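Spelled out, the chains give:
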Amino acid sequence: MSNTYITMDELFAHLSNIVGEEDISEDPLEKSLYSHDTAPIPSFLSKLFNMQPAAIVRPENVQEVAKVVEFAFHRRIPIVPRGAGTWALGGSVPVKGGLVLDLVKLNRIKKLYSDEPSVEVEAGIVWKRLMDQLSGEGYTVLSYPTSAPSSTVGGWISTGGYGIGSLKFGYFGEQIAELEVVSPQGRIQRLTSGSEEPEMKWFFGTEGVLGVITSLKFKIRRKPEKTAVCALYSSEFETVANLLSSLAKAEVVPYLLKFMDRELVELKNQVSRVKIREENFLLAAYEGPASEVTRGVNYFGEEFRKAKAKLAEENVCTHEWEERFNPMRISRLGPTLLAGEVVVPLNRLSATVGGIKLLQKKYGIKLGVEGYVVSRDSALVMAVFLTDERKTLKYTTQFALIKDITDIGLRQGGSPYGIGLWNSFYAAEKYGTEYFEELKRVKKKLDPRGIMNPGKFFEASTRFGFPIPPRFYRLSMAVGALVNRLI
Amino acid sequence: MKLSMLEHFNMASEPWVCSQCGYCRVICPVFDQLAWESTAPRGKIYYMKLLLGGKHSLEQRPFSDKFAERVFQCTLCGHCKEVCQSKIDLTKLWTATRAELGNRGLLPPPAKEIDKAVLKENNIFSMPNSERTIWSMMIEEQVLPRINKPAKIAYFIGCVSAFTGRIASIPESTVRILDSAGVNYTILGSDEWCCGHPLILAGKTFSANRLAEHNLRKLKELGVEKLVTNCAGCYLAFKHEYPTLLGIDPEIEIEHFSQFLSSQVNGGRLKFKPRTTVVTYHDPCEIGRLGGIYEEPRQILENLPGVKLLEMPYNRERSNCCGGGGLLKATNRNLSFNIAEKRLKEAEEIGAANIATACVACKLHMTDVAAERCAKMAVYDIAELVAEFLA
Ligand SMILES: Cc1cc2nc3c(=O)[nH]c(=O)nc-3n(C[C@H](O)[C@H](O)[C@H](O)COP(=O)(O)OP(=O)(O)OC[C@H]3O[C@@H](n4cnc5c(N)ncnc54)[C@H](O)[C@@H]3O)c2cc1C
Numbered sequence: 277m278s279n280t281y282i283t284m285d286e287l288f289a290h291l292s293n294i295v296g297e298e299d300i301s302e303d304p305l306e307k308s309l310y311s312h313d314t315a316p317i318p319s320f321l322s323k324l325f326n327m328q329p330a331a332i333v334r335p336e337n338v339q340e341v342a343k344v345v346e347f348a349f350h351r352r353i354p355i356v357p358r359g360a361g362t363w364a365l366g367g368s369v370p371v372k373g374g375l376v377l378d379l380v381k382l383n384r385i386k387k388l389y390s391d392e393p394s395v396e397v398e399a400g401i402v403w404k405r406l407m408d409q410l411s412g413e414g415y416t417v418l419s420y421p422t423s424a425p426s427s428t429v430g431g432w433i434s435t436g437g438y439g440i441g442s443l444k445f446g447y448f449g450e451q452i453a454e455l456e457v458v459s460p461q462g463r464i465q466r467l468t469s470g471s472e473e474p475e476m477k478w479f480f481g482t483e484g485v486l487g488v489i490t491s492l493k494f495k496i497r498r499k500p501e502k503t504a505v506c507a508l509y510s511s512e513f514e515t516v517a518n519l520l521s522s523l524a525k526a527e528v529v530p531y532l533l534k535f536m537d538r539e540l541v542e543l544k545n546q547v548s549r550v551k552i553r554e555e556n557f558l559l560a561a562y563e564g565p566a567s568e569v570t571r572g573v574n575y576f577g578e579e580f581r582k583a584k585a586k587l588a589e590e591n592v593c594t595h596e597w598e599e600r601f602n603p604m605r606i607s608r609l610g611p612t613l614l615a616g617e618v619v620v621p622l623n624r625l626s627a628t629v630g631g632i633k634l635l636q637k638k639y640g641i642k643l644g645v646e647g648y649v650v651s652r653d654s655a656l657v658m659a660v661f662l663t664d665e666r667k668t669l670k671y672t673t674q675f676a677l678i679k680d681i682t683d684i685g686l687r688q689g690g691s692p693y694g695i696g697l698w699n700s701f702y703a704a705e706k707y708g709t710e711y712f713e714e715l716k717r718v719k720k721k722l723d724p725r726g727i728m729n730p731g732k733f734f735e736a737s738t739r740f741g742f743p744i745p746p747r748f749y750r751l752s753m754a755v756g757a758l759v760n761r762l763i
Numbered sequence: 003m004k005l006s007m008l009e010h011f012n013m014a015s016e017p018w019v020c021s022q023c024g025y026c027r028v029i030c031p032v033f034d035q036l037a038w039e040s041t042a043p044r045g046k047i048y049y050m051k052l053l054l055g056g057k058h059s060l061e062q063r064p065f066s067d068k069f070a071e072r073v074f075q076c077t078l079c080g081h082c083k084e085v086c087q088s089k090i091d092l093t094k095l096w097t098a099t100r101a102e103l104g105n106r107g108l109l110p111p112p113a114k115e116i117d118k119a120v121l122k123e124n125n126i127f128s129m130p131n132s133e134r135t136i137w138s139m140m141i142e143e144q145v146l147p148r149i150n151k152p153a154k155i156a157y158f159i160g161c162v163s164a165f166t167g168r169i170a171s172i173p174e175s176t177v178r179i180l181d182s183a184g185v186n187y188t189i190l191g192s193d194e195w196c197c198g199h200p201l202i203l204a205g206k207t208f209s210a211n212r213l214a215e216h217n218l219r220k221l222k223e224l225g226v227e228k229l230v231t232n233c234a235g236c237y238l239a240f241k242h243e244y245p246t247l248l249g250i251d252p253e254i255e256i257e258h259f260s261q262f263l264s265s266q267v268n269g270g271r272l273k274f275k276p277r278t279t280v281v282t283y284h285d286p287c288e289i290g291r292l293g294g295i296y297e298e299p300r301q302i303l304e305n306l307p308g309v310k311l312l313e314m315p316y317n318r319e320r321s322n323c324c325g326g327g328g329l330l331k332a333t334n335r336n337l338s339f340n341i342a343e344k345r346l347k348e349a350e351e352i353g354a355a356n357i358a359t360a361c362v363a364c365k366l367h368m369t370d371v372a373a374e375r376c377a378k379m380a381v382y383d384i385a386e387l388v389a390e391f392l393a
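Line order of the protein sequences matches chains A and B. So the mapping is simple: the numbering used here equals the position in the first sequence, first residue as 1, plus 276. So the mapping is simple: the numbering used here equals the position in the second sequence, first residue as 1, plus 2.
None of these hints come from the bench; they were simulated from the model. Please note that a few of the clues may not be correct.
[What the hints assert, rightly or not] Label-pair restraints from in silico Cβ distances:
hint	chain 1	residue 1	chain 2	residue 2	range
1	A	Gly296	B	Pro130	41 to 51 Å
2	B	Met139	A	Arg498	54 to 64 Å
3	B	Arg168	A	Glu554	51 to 61 Å
[Unchecked claim] Stretches of chain B that chain A covers, calculated by requiring three or more beta carbons in the stretch to come under 8 Å of a beta carbon on chain A:
hint	stretch
4	20-28
5	34-40
6	45-56
7	66-76
8	82-89
None of these values were measured; they are calculated from a predicted model. From the three backbone atoms N, C-alpha and C, an ideal C-beta is built for every residue, glycine too.
So that you can see chain B by itself, here it is in the shape it has in the complex (with noise of 0.2 Å):
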């Protein structure tokens, strides 16, 4: 049986180049939880391989449903790839065969959504764009005048953070940081569009391709040299999706917002007050084992007068998943939940009362496991904690 979209994404040997090793079962978030080899990497890779090598007597069907809804059962947290003795790309492994769900009409209905919201408003909530930058209603005389004016640096809000009310304090904080730091820079209001990063979750690979082009034109309009975002999954778009799986090079800088503030504060830009706070940080996957920033989120932390950074056993490359990525939360709600809670579970264990992370998506969804299942932390994005410091 061939997989055209496996061919395209040239991963269509990877399934015999794995040797079964099972060294990304036992760190799988999913795998932990559900404990079955269908749900682990290296069982959905070998049954790839029975699929391509056309040894799958298994259903009436190609494709076992089955299989499709475990291709879902998954955060794209990359910790199989950063296991992996055979050095798979599995991330973009997975991403290659929801692809192909979605060109077999596979997918589940939260992707099917998203793709029709993304295609109508160009944002994943279905809300007029329009809205995009409701977020700064309590703000608005700093944020209005820098809307679509041209600078070097653009202030890429996305999505989640745009649209998500309870966590508008993210870009709030953002704002207060950019201004005290005396950086000039821009924001594309309702013409910032999706990056494109849902679509790939969702197996419309290629549908991301008309909102990076969009969004780059327009930041090149504007002059823009350098663009900074503290959504873990716009960075990841920008930064490697575009390029990786799209074939667009961004041919601008691209920052996470962790990043951009770690060299604020290492130059001096910003003045805190003392707090004590005990606090560890939650490396987001996003961010860290498919980005590698996993400094300076630390540094900025470490740097913050009373601040008491403790580690949590798993943490950098052996970071354990909030559960929240990979569109699971939208999929598979409660096992998106019980990873989480073994995550807030962990930060518990080691004494902090608070967890800082760097990606909207971790924050939110923390947040609201940590309400749900009476978990007494809390849960801060490093911009609303560093907000809080200012001087």
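Bound conformation, chain A alone (with noise of 0.2 Å):
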């Protein structure tokens, strides 16, 4: 906002004549919920930011938005998209102040194609409420993230993109057919996979930074005819390792496929209703036409029957097959529920469940590892632990695990899930030199004011205008252990 000054007043009146009053917020209340994601983030950190929003606004279609952006480019006020803030890296939080631009309102199913079955979408809409009117139907998707009850369809291409259904149907990016975007300029473009300068793929995974998603066309399946779910447990992780790589790569493939370890089990068990063995344990479940379904479960069982596991109760497999949303659960524990997550080569798991272990004994704090097979050879890692946010020096020590955490999955050979603010200085590692290089063009070109989502992906760039140098956390937080060993 520097060179183009705009007082609050001005700034009112402006918005309004595109959304109108009820849309816009400054009020200090509204600012403050705005102003953070899902991440306790110790304060010592939050304080490097501006993350207090100028407003918040609601746009209620794809052309309003574009009025907003325009606006916000020609007096260079930083926008910031946001879904419904699920993430936790920072992607939705302004850094820089400016206009936190919320998509809550653009929740409509645009069109159901029946024939190829396919849906077009606001970018808004949480996918709890896509399923449900789709299941109306007798359709419903193919993939969505474990955070389905609040997250939305927009909030997932811009980041992970894997989850819930990843290894039988693939990457989100991979089931989209079209995308409806807003220029940083505030110019609205209608992508294919043809589409050139951009491509659509700049958006997929990007957090924001290149633009804003407005809706999106993406395949979905009927119903399916059958879901099965199997279960097993193991005392060796390595066996359930190895099972998950054999399952991952039959020749029909599980459409969720998960495990826990077994410090994870027992922290569940304190919470939950339904007792699991505590042993690390493995799901797998299938979805499909029944003969196929039958096959998959035939398989599992000359599976587990080689590696001589433990075959699970049914009630815990209904139960776990329910519990997918809720992988936050232990949260009562702690009060507060930190993880560090990594995608890693699923033959590099057993190396990097045993490296997140050591940890445990580093830190003398009890790490629950979680995991997903999200293609046939990777799997994304989540390392949980519980700590409480109230006692300050010790939690900001804690705090650097998530870190740790994230370093033994590179060490394999694996990728951070997302970068946001707090993953900046991966992003090149995550993209590849030469891709990250593309992005950076392609922001420069697109967004040559840098008022999309600034400060994030590219640098975690603070409010006194210099970037957080990759080694800063560490550092401080090493400075928070010392002080905490001290006293």
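Two chains, two frames, some hints: make the complex.
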């Protein structure tokens, strides 16, 4: 906002001309609620940024989005696209003030195509709402994040895009046929896989730094004829890891293939209605035509017998399938739940989990590991631990664990799952130097004034103008740890 | 900052337990209408965390006026509690927060009025409580002999049924049903006082103790072993709020009328004549999500000859609120009407011409909204519908 000073009154007047007064808020309470996401950030970190937006704006359709963005472009006002704010890497949090562009009102299903089943939706629609409505018509989506009860479709393509169903149906981006975006200069564009400058794929996983996605058309499917859930226990994690590999490469791949290690099972049992045997746990859910599901289940049976694992009880299978949306159940034990996540090659899973377990000793904290096989050869690993945000010093020290967890995965040939604000120093690593350089070029071209979700992804730039150097967190948290030890 | 009511109800750590996953946002009937974070459960709980953590550099005053307003923009439908993955007892948290506002003198006018009315007359309408049997005007000869007569079963009418002329048909029907089934029961008459539930909603939790103690004493004097009521709020108060919020054990069995009625129907104590009716059942939040009663009302409806029962897509635990609860109708009329209108549309879309419910407040509210917003929908309390089928 440096060289085009604008008063709050002017800002309000301009914006209300576009979206109407009832869809702008400058209320202090409201602003404080749009200045964070799910991550409880230690205060010394959040103080480095200007997280309070000047206002929150809720456009109702793509034209309004375009007008707001165009206005922001002319006046050099930062724009932060926001779905449901369920991500944890700071993507929807302003770091340089400006406008939060809340897409909550872009929540319609535009069209259902039944011949080659697909659906066109506005980007702010919540997965669960979409799935409910499709269900009424006999359809469902191919894949969805475990946060489906709250997160938006646009949010998922802007971030990870892997979750439940990815093993069987692939990355969310692969299901998308068309994207409607508003460029940082306020132009509405419809993109397909053939589009050039901008290419559609640039908007996949780029966390709202290149433009606002306003609607998406993607493949769906008829509701599956059958769903079957199988699960097993083993005292050896190695056994579970090997089974994950073989099940992921089978002729019939599971719809969902996930695991929990013993420590996580122990934690979950403290809050769960249905208790699981306290060992390493593997769950495979098959969906599809009945005959295919039966083949999958049979294969599971053969594999688990060969591995001499123990079959889980039916009520456990049902319960854990229903629980797939609730990875944060155990937060009550904290009260703060933190997680480090990283994508690793499936054949390095055991080594990754082993490495994470070593951190347990170093920090003297229990780490539960959970993971999802998201493709035939990779798994998304999440290590969770419980802490207490109210105990500032200890919390600050333990916060560093998140980075350590990621680093262990990276050493095993993995890559970070998301970038946002807090992982920006990993961006080149995630995308590869070449593609990352291309994205930088694209950013400069599409967003010459740098208004679109600034201060993230490419660098974590603070309110003081300088970016956070990669080692910063470690350093400051090490200081935190030292102080902690001294007192 | 200390929030003493949160401490009193052992809820002061809950804002930290919340992981901000937002599952409570999508299903919240108020967020659905207003769509600001501050209207969503997760937004309110985050603000409490800011307050409790001393990080609220928001306004000069510790409690934002906006926040006080938002706390009452809530129907206390319990849907947030239902979906909370961290299992936070959110209805209790909202109740505690209202009590906190009460302590700080930040209640909205309707809440203050209810408190005043109950203090003066022991009912929420400020009517002389001696007129509490006014609903029975047309059936005095059946009702008067029952008043204050010792019996094992008591029928608790509740303020809303007792004083709202246009739903007097609910207690009337209930009496017809009880009489047809040959039940021996008592009615407290003007010794029946407000159950206290409206005060709990109004942030005056502890004013409810006096009422609870009075009602329970009267019931015991008459040798009552089981209380039956068709008011979902009264049911919730006696069954759950007395023990968990007021620390009072009612020491008698508490049944919602739908539970009692279902056992009468199952026991073959009622004879019905057939009537072709297409009906859907609306789960009242206060006996459904908050009371766990889902199947009994449905069993009753399925036993009525000629009734076709349709389900709305959102039913039982996932039922959408009618918008009439939590004092919302008094504090934010338009909002509560908009919520109801949406629920009426849901019923319309599945082709139901009638809604049956098991809550006097839901019945009243949906009827009002249907009339004002031209929905062609007849709304019945289950007692009214069953009475029409009596042979
Ligand atoms: C319980 C739980 C489970 C989760 N499970 C998964 C999972 O299985 N897989 C997974 O990948 N993630 C998961 N997540 C993380 C998160 O929910 C997902 O990343 C989700 O897709 C984010 O969607 P959102 O609508 O909340 O986006 P937000 O958090 O609002 O935004 C995320 C980022 O995307 C940008 N953005 C959002 N919408 C748009 C748009 N329309 N146009 C441009 N940019 C946009 C924002 O600027 C921001 O940078 C989980 C989170 C929780 C709390």
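The hints, checked one at a time:
1. Gly296/A - Pro130/B: 41 to 51 Å: holds, 48 Å
2. Met139/B - Arg498/A: 54 to 64 Å: holds, 59 Å
3. Arg168/B - Glu554/A: 51 to 61 Å: With Cβ atoms ~59 Å apart, the hint holds.
4. 20-28: Answer holds; 8 residues pass the 8 Å Cβ test.
5. 34-40: holds (count 4)
6. 45-56: Held - the stretch 45-56 of chain B has 5 residues with a Cβ nearer than 8 Å to chain A, which meets the minimum of three.
7. 66-76: holds (count 4)
8. 82-89: holds (count 4)
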